[in-house]
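Student: What follows is the residue order along each chain.
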Amino acid sequence: KNQVEQSPQSLIILEGKNCTLQCNYTVSPFSNLRWYKQDTGRGPVSLTIMTFSENTKSNGRYTATLDADTKQSSLHITASQLSDSASYICVVSSFRSYGKLTFGQGTILTVHP
Amino acid sequence: GAVVSQHPSRVICKSGTSVKIECRSLDFQATTMFWYRQFPKQSLMLMATSNEGSKATYEQGVEKDKFLINHASLTLSTLTVTSAHPEDSSFYICSALPFRLAGEGDTQYFGPGTRLTVL
Numbered sequence: 001k002n003q004v005e006q007s008p009q010s011l012i013i014l015e016g017k018n019c020t021l022q023c024n025y026t027v028s029p030f031s032n033l034r035w036y037k038q039d040t041g042r043g044p045v046s047l048t049i050m051t052f053s054e055n056t057k058s059n060g061r062y063t064a065t066l067d068a069d070t071k072q073s074s075l076h077i078t079a080s081q082l083s084d085s086a087s088y089i090c091v092v093s094s095f096r097s098y099g100k101l102t103f104g105q106g107t108i109l110t111v112h113p
Numbered sequence: 001g002a003v004v005s006q007h008p009s010r011v012i013c014k015s016g017t018s019v020k021i022e023c024r025s026l027d028f029q030a031t032t033m034f035w036y037r038q039f040p041k042q043s044l045m046l047m048a049t050s051n052e053g054s055k056a057t058y059e060q061g062v063e064k065d066k067f068l069i070n071h072a073s074l075t076l077s078t079l080t081v082t083s084a085h086p087e088d089s090s091f092y093i094c095s096a097l098p099f100r101l102a103g104e105g106d107t108q109y110f111g112p113g114t115r116l117t118v119l
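Order-wise, the sequence lines are chains A and B.
Per this note's numbering, the very first residue in the first sequence carries number 1; after that it's consecutive.
Per this note's numbering, the very first residue in the second sequence carries number 1; after that it's consecutive.
Check each hint, because a few of them may be wrong.
So the derived list for chain A, only partly shown, Cβ under 10 Å to chain B, looks like this [unchecked claim]:
#, residue
1, Leu14
2, Leu47
3, Leu101
4, Thr110
5, Val111
Simulated pairs of lysine-lysine, DSSO-like, Cα-Cα distance not exceeding 27 Å [as the list claims (entries may be wrong)]:
#, chain 1, residue 1, chain 2, residue 2
6, B, Lys66, A, Lys100
7, A, Lys100, B, Lys20
8, B, Lys64, A, Lys100
9, B, Lys55, A, Lys100
10, B, Lys41, A, Lys37
11, B, Lys41, B, Lys66
Just so you know, these hints were derived from the structure itself, not from any lab.
Note that CB positions come from ideal geometry on N, CA and C, so glycine has one too.
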């Protein structure tokens, strides 16, 4: 069964600090992995997308890594800001089911001043 | 960038009434749109896949007669919650899958969501 597991479930950090969110998946055959940011009461917004051949991808203060061998990904946020408070969702898609995504349960990040 | 809109953003209705939610792709055509629901502190759950000009495909456990989906054009899909009950209260999110663009793969673009509250 295709699954995506994220850790930690929630995280509280101080403004300006860095943090790393983890994602493990068992989706096969793997097509790509995305990290989304979802603000409360809003739809998810894509941060990064990576295929199996990509190890690292950055988008501003967000850097995602992918290890297709161990089926792990991480999202690193540097110099956190209050506006980074949101749910971060790891989403994996498979070649076998075009368009259907497997969602992680998300990590709720809270940035305190 | 690709933009997906939803209308309304919030709706409150009485039990037993029907509610229609619209999902529009504003600057691209989408042959496929997806409807999700999300309960508090949970991730998105796929309800159905909507293909333009054909019947929607529902996920297991989703009642097709209760959640009517119409994908009448390449830019519009609607979800109608019929005879809504309090347990249908949730956050409904649509996404749109553009024609395959080079380098885009199967990227879905999500709408901002619709908060449905059934009294």
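Student: Does each hint fit the structure? Answer for all of them.
Tutor: For each hint, the structure was consulted:
no.	hint	result
1	Leu14	violated (23 Å)
2	Leu47	violated (12 Å)
3	Leu101	holds (7 Å)
4	Thr110	violated (13 Å)
5	Val111	violated (18 Å)
6	B:Lys66 x A:Lys100	holds (22 Å)
7	A:Lys100 x B:Lys20	holds (24 Å)
8	B:Lys64 x A:Lys100	holds (19 Å)
9	B:Lys55 x A:Lys100	holds (17 Å)
10	B:Lys41 x A:Lys37	holds (14 Å)
11	B:Lys41 x B:Lys66	holds (24 Å)
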